[in-house]
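J.: Following the hints, position chain R against chain W.
Quick note, the sequences are listed as chains W and R, same order.
Going by full-length UniProt numbering, 163 is the number at position 163 of the first sequence; the sequence numbering is gapless.
Going by full-length UniProt numbering, 189 is the number at position 189 of the second sequence; the sequence numbering is gapless.
In short, the hints are calculated from the structure, not lab data.
Note that the structure is predicted; figures quoted are calculated from it, not measured.
Ideal placement from N, C-alpha and C gives every residue a C-beta, glycine not left out.
Honestly, I wouldn't trust all of these hints.
Stretch-level coverage of chain W by chain R, calculated; a stretch enters the list once three of its residues show a Cβ under 8 Å from a Cβ in chain R [said to hold, decoys possible]:
id, segment
1, 55 to 68
2, 110 to 117
3, 189 to 202
4, 296 to 307
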Amino acid sequence: MTSSVDTDAGRTPSRAAPAPPRPPKPRLTWRQRLSVADVKWSPYLYIAPFFVVFGVVGLFPVLYTAYLSLFDRELLDIEGTWVGFDNYATLLSDTQFWTTLVNTVSIFLLSTIPQIIVAVGLAALLNTRLRTPTGWRVGVLLPYVASLVALGIIFANLFGPNYGLVNGILELLGFDRIDWQANRFASHVAIAVMVNWRWTGYNALIVLAAMKAIPRDVHEAAMIDGAGASRRFFNITLPLLRPTLIFVVITSTIGGLQIFTEPKLFDAMPGSNNGGSSNQFQTITLYMYQTAFETQDLGYASAIAWVLFVLIIVIALINFLLTRRLASTGAPEDGAR
Amino acid sequence: MIALPAKVRRHTVDATGARRARFWVYGLLIAFLIGSIFPFYWSFLVASRDSSMLTEQVPPLLPGGNFLSNAARVFDSVPFWKSLGNSLIVSGTVTLTTVLFSTLAGFAFAKLRFRGRNALFVIVVATLAVPTQLGIIPLYMAMAEFGWAGELQAVIVPNLVTAIGVFWMRQYTMQVVPYELIEAARVDGCSMIRVYWHVCLPAVRPAAAFLGMFTFMTSWNDFLWPLVVLNAENPTVQLALERLQSGFYVDYSLVLAGTTLATIPILIVFVVLGRQIVAGIMQGAVKG
Chain W
1 MTSSVDTDAG
11 RTPSRAAPAP
21 PRPPKPRLTW
31 RQRLSVADVK
41 WSPYLYIAPF
51 FVVFGVVGLF
61 PVLYTAYLSL
71 FDRELLDIEG
81 TWVGFDNYAT
91 LLSDTQFWTT
101 LVNTVSIFLL
111 STIPQIIVAV
121 GLAALLNTRL
131 RTPTGWRVGV
141 LLPYVASLVA
151 LGIIFANLFG
161 PNYGLVNGIL
171 ELLGFDRIDW
181 QANRFASHVA
191 IAVMVNWRWT
201 GYNALIVLAA
211 MKAIPRDVHE
221 AAMIDGAGAS
231 RRFFNITLPL
241 LRPTLIFVVI
251 TSTIGGLQIF
261 TEPKLFDAMP
271 GSNNGGSSNQ
281 FQTITLYMYQ
291 TAFETQDLGY
301 ASAIAWVLFV
311 LIIVIALINF
321 LLTRRLASTG
331 APEDGAR
Chain R
1 MIALPAKVRR
11 HTVDATGARR
21 ARFWVYGLLI
31 AFLIGSIFPF
41 YWSFLVASRD
51 SSMLTEQVPP
61 LLPGGNFLSN
71 AARVFDSVPF
81 WKSLGNSLIV
91 SGTVTLTTVL
101 FSTLAGFAFA
111 KLRFRGRNAL
121 FVIVVATLAV
131 PTQLGIIPLY
141 MAMAEFGWAG
151 ELQAVIVPNL
161 VTAIGVFWMR
171 QYTMQVVPYE
181 LIEAARVDGC
191 SMIRVYWHVC
201 LPAVRPAAAF
211 LGMFTFMTSW
221 NDFLWPLVVL
231 NAENPTVQLA
241 LERLQSGFYV
251 DYSLVLAGTT
261 LATIPILIVF
271 VVLGRQIVAG
281 IMQGAVKG
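If we strip away everything but chain R, and leave its shape as in the complex, we get:
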């Protein structure tokens, strides 16, 4: 369950046996937070100056004014707009299909009865432990055979739906969709797909939204498979970043301007939706 803020104020110990936080608790948490933010800040700091700052004994801790010019160089060095567009297309498509197929399968596994249901679900759970990343060699050969190497569909198709998505949605659907509602919809003459659309989907929306965010971030950050199957002319954001770094002489102001640019969109998503992401992780932990 999501922890609710303790509403009852007691002086010594609250419901879960937790004491009211002391100053040193805040101190440690603040230290932790600074550690979490620092690498992002450092990346922006170097990007806003020029690489000569790295040679100074005591590096400056305030940003300089070169960020925009460094950012402009990123766009000159690699097809950054194209990579942003590609990443958006790939992550957007993968997110939509994963949410759609996972909620459908979750609905079937949680609420419908059919021959072989339990055995099939055991297979889904077992596949969670299969490191499919290790199948990239035949997968690459297959993509080359189809003529998809270098094309976006080569990155999209293998990620259309995931076992973890099906598993989560099944667990959540079991808890939130009452049988009475499904029954009532059936009696009113709804076909199965309309039961899914009008009864199941609205009820599982919070979990579906979390699955969507999680999928988007995973897909946005994916590296190994795009590196294998795409090329420098048609990259995703992560490939463009790697390309920036792989010159013989690394210009860190340029490279870190790239990482900053690539991090900003996902940071915005996180600031807006952080609460739901936290709630989703904590719910998944207890239910899974």
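Looking at chain W on its own, in the form it has when it is part of the complex:
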């Protein structure tokens, strides 16, 4: 099969002149040959930039990270010493690594679960008949344009232990002040609030798009059968949203497990990479950054990166398999159509 413009087979070009009778052995002019080569090779040329860029700055560094993780190598070393899997063995008994792992997962859960619930609720609100619907949609997307750095600075200020507005309000309402930076769980909550503030509106729009795509006859049929609004929401809308929700979960998994900027800027000691005085909100990526560029231990940092890499791929795969299973078990319920 020669390459060609991908058209329906057997269709005659409508505007072409009737083909002249073919000579027994067609001799192509250089112009025709050029055209054949053009059709054959241009597609590869067009996709080449992506594969070159990905290969050089994506795939190669990730693979080379695995190789580096087998060495003991300082930032300024040229060679480094082969240590095999020692870095990984050290990692397993490194309490700081386990702390950062727990922190990462904790912040991830605190930011994903409430976010999806609120996003679905917000999408349901936006799915009502509003005046100026686009205006509201633009409004809820507003936080998305904030840069993470600006956001980190603003929220570090709002959650400040002494003069922060959040503590001021808590005190005004008669609660105790909370040390949002020193308390481990409170710091996770504060960082999760940042993440949620930025992403909830964005995810609500994705869910809203999926809600709009639900065929109207499904709802009409249920209404005729006497289903009320909340019944329809839980029995029709939510099950049909499942693929979209899982898409949202997967994308926030890949991003959320690499969280870096928020914990870095949340530190009461600005510029520090410790994630709090006892690493109470240091994440894995922040630990990797600290090990590579502050401690300058490239081999060990590579081992951290590679463990996180595998973790992300495994969780993404679990999510993917879960999607397929949920999608297939969900099918009979869709029989309502």
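T.: Chain R only, in chain W's frame:
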């Protein structure tokens, strides 16, 4: 699909089963909107006063008159003009190349037939899940080897084109570019690149514009990699902000004046193009 405003007015339930919004719906949405705007406003508020307002029991909720003097201090403390220029160069270049290469690759994957097309596209999709951020250590070593550490090209080159861009443009091109048009252009003697330029590109312009805005914002807000590879003398806006904050004594009026200044350009872009961004996110959600 983008939801069109319901044109048919019915009293109980509209086409999608949605009721006419009640007051409490507006109330909740307004509360949400205030929550969305507040951190931006707070940042401006602190920037327009001096840091002593933060020690007051009940902070004032109206801006003071010190914003310009605080902003001037930002320019004195860090090379802010330079960082703005750098961010513009980096984000502008990355946006142009990403749109160009993504539309080209999207055109090839969507409309041209070639050996290995499906396998190659599967690779593109698979790379979406690869957290390339975790490769920064070898990437930094490579940049140092080239002598690019501290230079803008170190931030530009790794972001020339993205998998998500190729994926989006392929999905969109499949839907909007008819084969008949490509065929007609070929019959008229257009080379492939002219088919791309005269047929494909005009048709995919809305999606390309959205991809451009998305890329610009992502690049403008990027932090980890610029932090690794650039330095204090040649920063992007985000690095300049971080630098403002990392003194031992944080002067919040100064720092938040910086965040306000850095947010204003992107806020303007958002106000002008917000509708298209919303439409793009919602379209991408359904098609992807």
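J.: If you check each hint against the structure, which ones fail?
T.: 2
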